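S.K.: Residues per chain, in single letters:
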Amino acid sequence: MPSYRNIKRSRTGKMVQIQEAHSHAVWKKVLFLTGLTGLLIFATAVIITLGQVPMSVPDVYRTLVNRLVPGLFSINDLIDHVIWHIRFPLIVGALIAGFGLGICGCVMQAVLKNPMASPFTLGISSGAHFGISIAAVLGITILDGPYFLVANAFLCALLCSGFIIALSALKGASSETLILAGIAVNYLFQAANQFLSYIADDEQRTVMSSWGMGSLSDLNWHSIWFMGGIALICIPVLCSKTWDLNLMTVGDESAKSMGVDANFIRILVMVVSSLLVAAIVAFIGVIGFVGLVAPHIGRMILGNDHKYLIPASGGIGGALLLIANAVSMNLLGSVVLPTGIIMSILGVPLFMYLILKGKRREFWS
Amino acid sequence: MISKLVIKNLCFSYNGTQVLHDFFMAIGDGQIVSIVGPNGSGKSTLIKCIDRILVPSSGGITVDRCDVLKMDRKALARKIAYVPQNSLRLFPNTVFDVVLMGRRPYLAWKGGKKDEEKVWEVLYLLGIEALALVPFTELSGGQQQKVLIARALAQETGLILLDEPTSNLDIWHQIDVMEILRTLVRKQRLTAIIAIHDLNMAARYSDRVMMMKRGKIVAKGLPCDVMTGENLETVYGIKANIRFSDDIPFVIPLARIPDKN
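First to last, the protein sequences are chains A and B. In this text, residue positions in the first sequence follow my numbering: the first is 1, and each later residue adds one. In this text, residue positions in the second sequence follow my numbering: the first is 1, and each later residue adds one.
Only chain A is shown next, with the shape it has when bound in the complex (with noise of 0.2 angstroms):
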C-alpha cells in the first residue's frame, strides 16, 4: 500500500514528464515554422533562376547583388530587366498573395467557426469579378489608367463583402447570418455576371474569364507596392487577435464569458481580411484554393493555436502559391498556363494525401 506521500511524489514525476512533453510539442512547432521560413527562402533562390530568357545561375544572382551593391559587376541589361523586373516581383507578390489569403482564410475559418469558411465564403470573388465584367462589357470604370480592372475589382469586392458585414451586423453578427447572407449575395453576383456574359461578345468574354482563372503574370513593382502596403497594415491586426481567434473557435458563449466580445471581434476580423483579400483578388484574380486549404493543412500539423497557425498559414499559402506559379511560367516552355488551374491540380492531391494520412483526420467532426 503505497502511501499518500509516495503517490504525491509519483504523480509530480508525472507532471514534470508531461510538462517536458508540452515544451517538446511548443519547440517542434517553432521547428516547423523555421523549416517553412527555410523552405520559402530555399524556393525563392530557386526559382529566380528559372524561365525562359537563357541565363546561367552566377548571373542571376550577380544581377541581384548589383541591384544591392551598384557597380559591383558588370551586368547585361536585359538579364537585369528580367530578373528584377519580371521575376522578382513575381516572386514577391506569389508570397504577398499566398501569405495574405492563407491568414486571412485561417482567420475567417475562426471567426465563422467553419472549417468550409474561406476568403471567398462572403462573396468576395464574385463581387469582384462583377466588378471585372462591367469594366469589360458595360465599360463602366472607377478609374482611368492601367489600373481600371484592378480598380473596379478592388471596390466591387469591397462593396460586396461590406454589404454582407453590415448586413449581418444588424442582425447581432452571428457567424451563420454572415455565411448565409454571404452565399445568398453571391448567387446575386454570380447571376449578374452570367447576365453579362451572356450579353458580352467574344473578346470581351475572354477577359472575363482569363481573369476568372487567376494569374499573377501582371503583377509588377507598383501593384506589389500597393497589395505590400495593405497587407502591412492588415496582417499585424489579425496578428494581434490571436488569443481572441482561439477563443473564438470554442463559441461564442464561452469566448463572451472568458472576456471576448465576440461579435466585435468577428465584425472586426471580416472587415480586416476582407480588404486584404480584396486588394489581392484585384490583382491575381480568383485563386480561391489556397485560402482554403492552407489552414487546414497548417492546423493538420501544428494544431489549433493560433499564435503558430496564423504564421504557419501565411507561409503554407506562400509557398503553396510560389510553387504553383513557378510551375505554371516553366512547365510548357513559353506558354504561361493559369496559377489557379496549376494550383488546383497540384494542391489538391496533397490535400487528398494529408486528409487520408493526417493524425487527426477527424478534427473537423
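In short, the hints are calculated from the structure, not lab data. If you're wondering where the values come from, they're calculated on a predicted model, not measured in any experiment. Don't take every hint at face value.
Cut-off 30 angstroms, straight-line C-alpha distance, at most; resulting in silico cross-link-like pairs (DSSO-like, lysine-lysine) [stated by the list, open to error]: (1) B:K239 <-> B:K216; (2) B:K118 <-> A:K14; (3) B:K8 <-> A:K171; (4) B:K114 <-> A:K14.
Some, not all, of what chain A presents toward chain B, calculated at C-beta under 7 angstroms [as the list claims (entries may be wrong)]: (5) M15; (6) W243; (7) L247; (8) T249; (9) M258; (10) D261; (11) D305.
Sample of chain A residues at the chain B side, in silico, Cβ under 8 angstroms [stated by the list, open to error]: (12) H22; (13) E253; (14) S254.
Where a beta carbon is used, it is the ideal one built from N, C-alpha and C, also for glycine.
Using the hints provided, position chain B relative to the given structure of chain A.
M.R.: Positioned in the frame of chain A, the structure of chain B alone reads:
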C-alpha cells in the same frame, strides 16, 4: 449574510416571449446553489443573463457590489466564470490550450510563464494533467466537463456558473463532478450556481436550492424545505414520494399529473 450576487427586477425576453419577468435573487458567499425547474423555466437563460452572455432588457445584477451590466467584459470575466453544457468542438484544441483560454481576462496580448503555471496548477488540482496534450475533441463527456471546470478555475473568479454540468454524464461521472464542485467551494471560498435537472443530485450536493417555473422562483431555501411533494406537484406537475437518507431528501417520482392547462 454577505451577498455575492444580487439580482433585482431582472427582465429578459427572447423573440418577444418574456422568459424572465421581474426576477429577484440574492446569493450568499461560499455556497453551492442549485437552480432546478422544468424545461423552459428559464434556468439557462438566468445563468446566461448573470454572465451577460444574454443581455437583459431591464433590471440590475451586481456581483461583489459591482454592476455586471456596466462592467467591461474582461473585468466581468475576472469576477464570473461560466461552464457551458458543452463546448463547440470544431477545431482541434488541446486540453492545455483550452484551459489556457481561461487566462484571457488577465492578458494584454501574449501569455506568460505565470499563466502556464496556473494552467498546470488547475490541471493538477483536478487530476487531469495527463490529458494536457490530448485534443479536447477526443475526450469523453466526463473528461470534457472536468476540463471546462478547470478552465473556469483558471479564470480565478469568486463565482462560477454551471449550465447542467451533469446532463450528459453517467452516474459515476455525475458524482465525480459534483464532489469536485463541493470540494472546490469548501476549500477555495468559491460560490457555484448550478442549473441542473437531476433533483437528487441537487438535493445531495447543494447548500441552497431554488425552484423555478416560468421565469419565477417558486420555492427557495434548504434542499429539505424545497424538495417537497407539494412543490414538485405545482412546479413539475408530478406526484412524488420524498424520502430522507441522512437528512438529505431524495425524490421518488410516481406519476405525472394530467395536464391541467
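S.K.: Find the hints from earlier in the document that the structure breaks and name them by number, from lowest to highest.
M.R.: Nothing - there is no hint that the structure violates, so all of them hold.
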